[in-house]
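Peer 1: Each chain, letter by letter, is given below.
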Amino acid sequence: MSAPLVSLQDLSVQFCGHRKASALNAVNIELGAGEVLGLLGESGSGKSVTLRTLLRLHPERTTKIQGKMQVDGQDVLALKGRALDLYRGGTVSMVFQEPGLAFDPVYTIGQQITEAIRAHEAVGEAAARAQALHMLERVQIPQARRRFDAYPHELSGGMRQRAMIALALACKPKLLLADEPTTALDATVQIQVLLLLRELQRETGMSVIFVTHDIGAAVEVADRIAVMYAGRIVEQAAVGDIVRAPRHPYTVGLLAATVGAEHRGQPLQAVPGAPPDLAALPPGCSFAPRCTHASERCRREVPPLTSLGNRAVACWHPVQPVAEAA
Amino acid sequence: MFAYLIKRLIYAIPIALSVTVVSFVLVYLAPGDPLNAIAPADAPEEVIVALKSAYGLDKPVPVQYGLWLMRAVQGDLGTSIASGRAVTAEVLSAVSNTLLLAGMAALGGVLVGCVLGALAGYRHGTWIDRVATVISVIGVSIPHYWLGLVLTILFSIWLPWFPAMGAGPGGSSEWLWDAEHLRHLVLPALTLSVIPMGIITRTVRALVADMLEQEFVTALRARGLSGIAIFRHIAKNTAPTVLAVAGLQIGYLMGGSILVETVFAWPGTGFLLNTAIFQRDIPLLQGTILVLCMFFVVLNLLVDILQPLIDPRMGRS
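Which chain is which? The protein sequence lines are A and B, in order.
Under our numbering, the first sequence has 188 at position 188, and the numbering climbs by one with no breaks.
In our numbering, each residue carries its 1-based index in the second sequence increased by 326.
These are computed hints drawn from the structure, not numbers from a lab.
Do not rely on the hints blindly, as some may be mistaken.
Unchecked claim - Only part of the chain B face toward chain A is listed, based on derived beta-carbon distances under 7 Å:
#, residue
1, A532
2, A535
3, D536
4, F542
5, A545
6, R549
7, S552
8, H559
9, K562
10, N563
11, D637
12, P638
13, R639
Note that the structure is predicted; figures quoted are calculated from it, not measured.
Note that CB positions come from ideal geometry on N, CA and C, so glycine has one too.
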């Protein structure tokens with residue numbers, strides 16, 4: 001088998017501001033070309049930090065990154081200057097959560113896409129503009145020619161997110177990072193943007209890391225799901241396996257906390273308690289304080305991510321799957 | 327855009343009119359009589375009456391205002407009581423000198439302020455930031471007539487590099503673009519530039535530091551734009567605010583240079599105002615105040631017109 005497109009080995013990220021916070025703790029992720037990985041977890045579990053680390057967007061002075069990070073054969077942590085600029089947006093690009101905040105308000109959509117293209121490819125202004133316009137058409141923005149000269153505030157939320165996707169794909173990246181791309185949108189627009197992302201992924205064959213706390217959205221687009229908790233991956237498996245037979249107590253809790261038609265009339269199951277303070281992680285499993293299965297060992301030792309059949313789970317007492325009909 | 331321009335112009339008219347009322351009436355609030363300055367203390371009654379009617383001071387104030395405004399619109403601001411020369415000519419010659427001084431001071435102050443502010447904003451929280459902040463706080467809070475005196479002592483008396491007084495050799499008020507005249511400009515312009523420099527530094531620093539925290543700047547980096555390209559984005563985003571602040575500062579410089587012009591005997595509007603006040607020269611005083619206020623109105627109008635050209639979020643809606 002050829003080398004994976006993305007390979008994170010024991011990646012740890014520490015923010016050293018006024019307090020030290022361990023945002024990522026020895027995360028391992030491998031992603032093949034054309035694969036779509038969903039990162040699932042609640043706020044502060046390290047999903048967005050993982051994406052921003054992949055683009056090295058954290059302020060250098062206050063961030064300590066350890067471990068290995070390889071994307072498309074490049075050692076990302078060693079990139080400098082022009083090579084880093086070409087990597088950002090060229091090899092890997094990102095769709096942000098709030099398209100309204102991620103565009104420069106004083107340049108038109110067209111100018112910004114054109115500028116990004118010219119930063120990566122040796123093309124003239126006219127050719128870059130034509131390419132940018134073509135991208136707007138590809139993300140199905142109606143009246144693309146008119147929207148090309150519009151400022152970000154003149155577009156609706158859904159249109160802005162489409163334009164953001166056009167911008168992210170303009171330089172044909174091998175890996176697209178999508179940071180909760182539908183959270184800021186209306187429910188009806190959410191599904192359209194999800195479908196568009198899936199369609200573009202199939203067309204281009206790029207890999208995608210898709211961050212969300214919405215299991216429905218993850219199931220819609222992802223091949224594989226990694227569940228994150230307190231900066232660690234606690235369970236990783238194919239979408240179907242995660243949804244049908246979760247093994248980590250946290251995954252079980254997350255799935256139970258989903259609003260769905262089949263649970264109508266029953267009280268919503270919430271995971272009790274709150275995520276731990278990243279500046280003071282417990283010595284053992286970070287989920288232990290909230291876990292009903294927790295034992296003495298869980299509070300003492302961090303469970304390693306071990307493979308269990310066709311999946312990986314970081315738990316001393318994985319939940320037994322409901323007996324499948326024999 | 328055209329409708330916006332017309333609207334701004336129409337707004338400027340009532341502002342300009344109120345300015346004329348205020349600059350006319352304000353002078354009457356001050357105690358004392360202009361005739362005291364020219365007529366001897368023991369002048370007979372009929373001389374005073376004759377002088378009053380000669381200068382139109384015997385009519386009721388609203389009528390005086392009406393007549394003054396009518397003539398002002400035609401460019402005639404009356405005759406100086408002290409010198410007997412036309413106020414318009416005196417003010418215009420002073421205005422050109424002040425414009426030169428204020429222009430140089432503003433250019434220097436804004437340029438240095440932008441550079442210092444951008445450096446401090448980019449290096450937020452480092453020693454560069456602290457040095458720039460200290461410089462800007464000193465610039466804003468130092469009394470500039472005092473700074474003028476100190477600079478004179480340093481660079482005219484101890485080190486005789488620059489002249490201490492006037493706009494040209496021999497106290498001439500005619501400006502010429504030569505080395506001798508430029509040497510006269512250095513100290514007053516430097517003194518005057520310190521305040522806008524401080525204010526612009528603080529404004530730019532706050533704007534840039536805030537801008538760098540914005541999500542869109544992270545997004546620009548994520549697109550792989552170079553540092554210079556990102557700086558262009560930041561500059562365009564901060565420009566409207568910097569422009570507005572700079573416009574106001576230039577306005578203040580036009581009138582706020584009374585003390586500095588007096589310290590350096592620079593033949594500008596501030597110097598003229600100072601003379602007019604001490605000589606109770608009411609037509610000269612009114613004329614100078616009016617012209618200075620009009621500068622403010624025009625400057626604000628210019629800034630209002632320029633801003634939407636830079637920032638698309640203004641004016642289009």
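Peer 1: Hint by hint, note whether the structure agrees.
Peer 2: Taking the hints in turn, this is what the structure says about them:
Because the smallest distance between the Cβ of A532/B and any Cβ of chain A comes to about 18 Å, over 7 Å, the interface hint for this residue is violated. Because the closest C-beta pair between A535/B and chain A is about 13 Å apart, greater than 7 Å, the hint is violated. About 13 Å separates the beta-carbon of D536/B from the nearest beta-carbon of chain A, more than 7 Å, and the hint is not met. At about 5 Å, the closest approach between the beta carbon of F542/B and any beta carbon in chain A falls short of 7 Å, and the interface hint on this residue holds.
Residue-level restraint check for A545/B holds (minimum Cβ-Cβ distance to chain A is 4 Å; threshold 7 Å). With a cut of 7 Å, the hint placing R549/B at the interface with chain A holds, because the nearest CB-to-CB distance is about 4 Å. Annotation: S552/B was flagged as interfacial toward chain A, and the flag holds, the nearest CB pair being 6 Å apart, inside 7 Å. The criterion of a C-beta within 7 Å of any C-beta in chain A is met by H559/B, whose closest approach is roughly 5 Å, and the hint holds.
With its C-beta approaching chain A no nearer than about 5 Å, K562/B sits inside the 7 Å limit, and its interface hint holds. For N563/B, the suggested interface contact is upheld, since its CB lies about 6 Å from the closest CB of chain A, less than 7 Å. Restraint check, D637/B versus chain A: the minimum CB separation of about 6 Å is within 7 Å; hint holds. Given hint, P638/B at the interface with chain A, holds; its Cβ is 5 Å from that chain's nearest Cβ, closer than 7 Å.
With a least beta-carbon distance of about 6 Å to chain A, the hint placing R639/B at the interface is held under the 7 Å criterion.
Of the hints listed earlier, those the structure fails to meet are numbers 1, 2 and 3, in rising order.
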